[in-house]
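**Student:** Residue strings, one per chain:
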Amino acid sequence: MIEVRDVHKWFGDLHVIRGVSFEVRKGEVVVIIGPSGSGKSTLLRCINGLVEPDRGEVFLDGSRVTGTRKGIENLRAQVGMVFQSFNLFIHLTALGNVTLGLTKVQGMPSEKAREVGLRLLEKVGLRDKAASYPAQLSGGQQQRVAIARALAMDPKAVLFDEPTSALDPELIGEVLEVMTRLAQEGMTMVVVSHEMGFVRSVASKVLFMADGQILEAGTARDVFENPKHDRIREFVSKVLT
Amino acid sequence: MTLRTLWARGAGVRRLLRNLAAAGVVGIAAAIIISLAFPRSVAFWAVGAANTFILFAGSAALGLAIGFLVGWGRSAGPRLISWPLLAYVEGFRGIPRIVIVLLAVVIFPRIGLGIDWAVLWGILALGVSSGAYQAEVFRAGFQSVQRGQIEAATSLGLSYWQTMRYVTLPQTMRIVLPPLGNEWIVVLKDTSILILLPGFAQLSVPDVIELTKVAQTLQQATFDVTLWPVIFAAAAAVYLAMTLLVSGIIQYAEERYKVPGLGVMAA
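Chains as they are written, first to last, in my numbering: chain A, 6 to 246; chain B, 4 to 270.
If you are wondering where the hints come from, they were derived from the structure by calculation, not from laboratory data.
Accuracy of the hints is not assured; some may be wrong.
[To be verified] Not the full set, but computed from the structure, chain A residues with beta-carbon under 10 Å of chain B:
id	residue
1	R50
2	G72
3	T73
4	G76
5	T98
6	M113
7	I237
Here a beta-carbon is modelled for each residue, glycine too, at the ideal position from N, C-alpha and C.
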C-alpha cells in the first residue's frame with residue numbers, strides 16, 4: 006500500500022535519512038524503533054509530505070506521491086497522522102477538532118460531520134468530552150481525540166509519531182489500548198514507538214533505525230531476540246528493562 | 004430584547020454594555036457642559052467629534068490592513084520581501100507622528116493631492132504610521148501559533164488558505180486583540196495631531212475640523228479666561244467617551260475568541 010524507496014533527507018549538512026526503503030502492506034502494523042536522533046520521525050514526515058525528501062520516492066497504491074503537489078494532497082487525504090505532541094487545534098472543541106477536516110476538506114454537511122465525529126469520539130471512549138476544549142483534557146484524552154481526528158477522514162492508513170512519548174506513565178495505557186484495537190480491526194499503521202509490550206503484541210514488522218538507516222527489519226521476535234547487530238542488542242536491553 | 008437577556012449573553016456582552024454605559028455618562032456630561040457654557044457651538048462640536056471618528060476609523064482600518072499584510076509577510080514571507088518590510092516598520096516607528104503629518108502636509112499637495120484631499124492626507128499619514136505598530140502586533144500573533152497546529156492542519160489535507168482561515172487566524176486573534184486595542188486607542192487620540200491639517204483657514208474645506216481644532220478655535224474666540232479649562236475638559240470628555248466605546252468593542256471581541264481552559268493564568 007505504502008512504499009518508500011531509497012529516501013534521503015539532509016538538514017543543511019546533516020544527512021538524517023540515508024537511503025531508506027520499506028514497504029507497508031494493507032492491514033500491516035509496521036513499527037519503527039531506534040535511538041533518538043536516528044531519523045524515525047523525519048522518515049514518518051517524509052511519508053506524508055510534511056518533510057519533503059531530497060531524494061527517493063514514496064508510493065501510495067503504486068502511484069508516486071513525492072514531488073507532485075497533487076500526489077501529496079492525495080496521500081494526505083488518505084493517510085492520517087497522529088503526533089507526539091497531539092497538536093489538537095487549541096481553539097476548537099474535541100468535536101470541532103474531529104469534524105474540521107470532514108467539513109472543510111471533504112465538504113461534508115455539518116450535521117453529518119457531527120454524527121461521524123460523535124461516533125468516532127465514542128470509539129475512543131470520549132463521547133462525553135465532545136464539547137471540551139483541548140486545554141480541559143488530559144494528555145491521554147487529547148491523544149485519543151487526535152486519533153479520532155485522524156480516523157474521521159476514513160484513512161487507508163494512519164501514521165503514529167511516538168504517540169505516547171509525551172504522556173504521563175499512567176495515561177499511556179488508554180492510548181495504546183485504542184491503538185491495539187485499531188490494529189486488530191485491520192487498520193494499516195506505521196508507528197514510531199518504544200512501547201515494547203505494544204510492539205510485541207501488534208507489530209507485523211519491526212524496523213530498527215539508527216543513523217538514518219534501517220539496520221534490521223523483521224518480526225518483533227526476530228529483532229528483539231536474535232538481533233544481528235550489537236547496537237540493536239544494546240538498545241533492546243536498555244529499553245526492555 | 005431586554006437588558007436582562009443581553010446581560011446573560013456572556014462576559015463579552017457585559018463588558019461591552021458596561022463600557023457603553025460609561026461612555027454614555029461621560030459623553031452626556033460633555034454635552035451638558037458644552038450646551039450650557041457654549042450653546043452656540045454645539046453643532047461645531049458635533050461635527051468635530053464626527054470628523055475625529057472618521058479620521059480614526061480610516062487610519063485604524065488602513066493601519067490594520069497594512070499591519071496584517073506586513074506582519075504576515077514578516078513572519079511567513081520569503082527573505083526577499085522581509086527586508087523592505089522591516090525597513091518600513093523601523094522607519095515609520097522611528098518618526099514622530101507629528102513629523103509624519105507635517106511631511107504629509109507639505110508633500111501631498113505637490114504630488115497631485117490638493118487641499119480638497121486634506122482628509123485623505125490625514126488618514127494616509129496616521130494609517131501608514133499606525134500600520135508599522137500593528138504589523139509588529141500581527142507578527143507576534145502569527146509567530147505565537149505553534150508549528151504543530153499548522154502541521155496537523157496540513158496532514159488533514161487543509162490547503163494553505165483553509166489553514167489560515169480556520170486554524171491560524173482564529174488563534175492569532177486571541178493574541179493580537181489586546182495590543183491591537185491599545186494601538187487603536189492611541190490612533191484615536193492621535194487624530195488630535197491632525198489639528199495641523201489645513202482646512203480651518205480655508206473655510207471651503209470644513210471637513211478636517213476635528214475635535215481638538217474645535218476646542219482650540221473656541222478657546223481663541225473666548226475672552227473669559229476662566230472658561231478655557233472647561234473647553235479642554237469638554238474635549239477630553241468626548242475623547243474619553245470614544246475610547247471607552249472602542250475599548251468595549253475590543254473586550255467583546257476578546258471574549259468571543261477566548262478559549263476555555265487556555266491561558267497562562269487560570270481563567
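**Student:** Checking against the hints above, which ones are violated?
**Tutor:** 2, 3, 4, 6, 7
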